[in-house]
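2 protein chains.
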Amino acid sequence: MNAAITEVLPTIDLPAGILAATLARTHVADIVETLNEHAPAYAAEVLLNLPGGRAVDVLDQPELNEPGAILKALPLDRAVSLIQGMSSDRIADIFRNDLSEPERHRFVARLDRETKAALASLLAYPEHSAGAIMTTEFVSVPADWTVAQTLEHVRTVERTRETVYAIYVLDPATGTLQQAVALRRLISGESDALVGSAAARRDPISVSPLTDREDVARLIAKYNLLAVPVVDESRLILGIVTVDDVIDAMVDETTEDVQKLGGMEALGEPYNQIGFFKMIRKRAGWLSILLVGEMLTASVLQHYEGALEKAIVLTLFIPLIMSSGGNSGSQATSLIIRALALRELNLRDWWRVALREVPTGLTLGAILGAIGFVRVVAWQKLGFYDYGEHWPLVAATVGAALLGIVTFGSLTGSMLPFIMTRLGFDPASASAPFVATLVDVSGLAIYFSIALMILSGTLL
Amino acid sequence: MNAAITEVLPTIDLPAGILAATLARTHVADIVETLNEHAPAYAAEVLLNLPGGRAVDVLDQPELNEPGAILKALPLDRAVSLIQGMSSDRIADIFRNDLSEPERHRFVARLDRETKAALASLLAYPEHSAGAIMTTEFVSVPADWTVAQTLEHVRTVERTRETVYAIYVLDPATGTLQQAVALRRLISGESDALVGSAAARRDPISVSPLTDREDVARLIAKYNLLAVPVVDESRLILGIVTVDDVIDAMVDETTEDVQKLGGMEALGEPYNQIGFFKMIRKRAGWLSILLVGEMLTASVLQHYEGALEKAIVLTLFIPLIMSSGGNSGSQATSLIIRALALRELNLRDWWRVALREVPTGLTLGAILGAIGFVRVVAWQKLGFYDYGEHWPLVAATVGAALLGIVTFGSLTGSMLPFIMTRLGFDPASASAPFVATLVDVSGLAIYFSIALMILSGTLL
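Residue numbers (our numbering), protein chains in the order written: chain A, -2 to 457; chain B, -2 to 457.
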C-alpha cells in the first residue's frame, strides 16, 4: 500500500492496543507489513503496546517505513530505551537517512556511552561502505579459550548478538583477528581443545570498513559466508556484516541499477511512496540531458538538408535505422554492465570485448540489413509503395546503413560501460537511452554518408 | 578469464599433482577460481590429487565451470564416489544442465539407492522452482526429543548436512512439520526441555516445491532466514532451500533481468564463455522483431509524405521527438518492472500507476517541451538556422509534440509491464527498446497530427 496514494482513502484504525494484542504472536516481518499501512503516529502507539523486545525487533527491520517519524512520535524515554536495544547498524541507518541533525542530537544526548560510541563510529563511514552497514554485535573470544568456554560464552551473549554462527578468534595478546570458527564446527568439537582447533588455520576472509557493500556481497556469495568481519589496518575487528544485511544491500543495488539502466537517477524510495516533485526531479534531469544531446540530430539533419530535399524517400527510413542502432547498443551495454558487475570482465578486458563485438555487430547488422533490404524490395514489388526508378539503390542504402549502424551501435554500447567505469562513474549509468542518444547522432551521419555514396549521381 | 578468447593464449600447466599440493590449504572458492582457468581434463587431474573431502567441496561450488566435463574426465569409480559425497541440489543442477542423457545414465546406474532417489525427485521439479534448488540434507527431529538429544544428533550429522542452523521439529506420529528451531536458541536452552521449547509455537514459514525461486528469495530476505523448508501438501518436509542457494539465485535473476531490459534474451552463460553463434541467436531475435515493429514508422511517414514534402523542417525534429518519447517510456517501464519485482506494486494497482504517470508525464513533457521550444527560438534568433517565416509555429509544434509524446511515453511505458505480467510474460521483457519501438510508431502519428493542427494553412 501506498502512503502518497492512499491518504485519500482513509484506513479505519483499530485502537492501537487491540491491534498490538492481535500482533503479539505474529512474525515480526508481518507486524512491519501491517504497520507500514498506517501513519507513523499510529505505528508508534502500537509499538508502545507491544512487549519491549518485540518493539525492538520491529524497529530493527529495514523494511519498516519511516522509523524516524515513529521514534519521534514515541515518548523520549521509551524511544531511547528502544534505540539502545536495537542493532547498531540499523540505528546508524535510521540516524543517517530518517532523522534531521537536531532530532539525532536529541536522541544521542540520552544514549548510554557504549551505544553512543558504536553509533559515532558507524556514522563516520561513507554510505554503502562495509563500515556503514556493519553491526558491532558479534562474538569474539581469545585464542587461549577452550571450545567449552567459548560455547558457554555464546550461550550467555546469544540474545544480544546479531549472529553467533560465526565466532571470531583473537590473538590473546594483541586482540587481532586470527581465525573465524563456525558454531556448527564448535558444537561438534572436543570440549577441552582450544577454540581454534575447530577451524582451518588459514586467515579468515575479511574486509576493510571502506570496502563497497557490493564487494562485500560478492565475497559473502563467493565464499558462502554467514558473516564477514570488518577489520582495520592492524586487523582489529570493528564489526561484522551479516548475510541478511548483504541480501538487503543486493536488493537495493539491483533496484538502483535497473532504474539507472532505464535512464534516470535511482529513486532511493519505493515508487509508491516517493513524493511527486522528488520523482520529477529524479526523472527530468536525465531526460533533459538526453534531449539536449539528441538536439545534435537536428543539426546533423540540417547538414544533410539538401539530400533530404532531393530524396524524401530517405526520411522514411530514419526512425527504422536509428532505432536499430540504439537497440543493438542497448543490448551490448546491458551485457557488459552485468559482466563487469559480476567481475566476469575487468576494465583491462575492453579490447577483448571490442574484438568480440565487432564481428558480433557485423553479423547482427548483416541479418538486420538483409531484413531491411527485403522490406524495400517487397513493398516495391507488391506495389505498397513506389520508391522510384532507383529503388534497388534505395534498398541497398537501407541494407548497408543497417549493417553499418548495428555494428557501430554494438561497439559503442559495449565500450561505454568501460569508459564510464574508467571515468569513475557507475557503469550502470550507461543506460539504454544514453547509448541510444549517442548512437542516434552518429548513426544519422553514417546513414547519410552511405546514402551519398550509393545514391550520388542518381537520386542525390 | 575466458575460455573462448584465451584458447589462443595457452596457459602453461603445472603438473596437476604439484598444483593440487599448493591448493590443498587454499579456500575452496579460490581453488575453483584457479581450476576455472584450466581445461576440464586438467581440472579433473587436480581433483584426483586433492583429498576426497576437498574434491567434493570443489565440485559442490556452483561457480565451478564445466563440472559435467570434469566428472566425465575422472575415472568412473572416483566420479561416482565424489557424486555421492556432493549435496543433492548441486548434483541435480549438474545433471540437469551439464550432462547429456546417456552421460547421466552412466553415472546414475552406479549411484547408491539413497542418492538415486534424492536425485530423481529433485530432477522432477521444474527449473527455477524451490524443488529444483532445494537440498535434501537437512536436520529434523521428532517433537518428543529433548534439547540435549537434539544437540547430540546435530553433532553426529553435522558433517553431512548443508546447514544445521535451522532444525525442523516434526510431529512424532505423522512426521509433519511443526516448528523450526534455530541452533542458537537450542544451545542456550534447557537440556531436559523438549526441543520445541526453544522456539515460538507458531507455524514455521515454508514453501511448496513449485514456489518460484524469486519468491523463495523474497521470503528469506523478508524473514531474515538462513533456510526455508520445502513441504508437500501434507506438510512433510521434502528439503530446504538455504540462504547460499538463494543468493546465487538472486544474482542469476538480476543478470537475466538486466539482459532482458537491454532488449535481448537472457544469455544463460557468462559473456566471456558463451559461443559466438549462441550469442548471435540470443541477440538477433529481439533485434529482428523490433526492426519489423519499427517498420511501421516507415508506413506512418509514408502516410504523412505530403506534409514532409511541404515542410522539410518537420523532418529535422523527428529523431529528437521520437527519442524523448522512448526515453520517458524507458524510465517508466524500469520503475514499474522493479516495483513489481519488489512487490511494492501488484497487478491490480495498474490504475493507481496510470493516475500517477499521467500528471508525471505531463510535467516532464512540459519541461522538455519548454526546452524544445526555446531551442527553435534560440536557433532562429541567433541565426544558426532559418525555420522560415512561420518559425514561431514550428517552435510551438515541437514544444507541443514533446509534451504529448512524453506524456504518452510515460503512460505506455508504465502500463506495458502490467500488460506483460497479465499475459503471463516476465515483465522484464518490457525492455527499453521494446517500449521505445511502441512509442516511436505512435509518437510519429502524434507529432504529425499536432503539426497538421498547428501548421495547417501556413506551412501545411
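Think of the hints as simulated: they come from the structure by calculation, not from any bench. These figures come from a predicted structure and were not determined experimentally. Warning: the hint list may mix true and false statements.
Identical copies go unnamed one by one, so any copy, or any two together, can satisfy a pair.
Straight-line distance between alpha carbons at most 30 Å, and here's what the computed BS3-like set of lysine-lysine pairs gives [said to hold, decoys possible]:
1) 378 - 307
2) 275 - 113
3) 69 - 279
4) 219 - 69
How the hints compare with the structure:
1. 378 - 307: both (23 Å within a copy, 27 Å between copies)
2. 275 - 113: This pair counts as neither: shortest intra-copy Cα distance 33 Å, inter-copy 57 Å.
3. 69 - 279: within (28 Å within a copy, 53 Å between copies)
4. 219 - 69: between (40 Å within a copy, 25 Å between copies)
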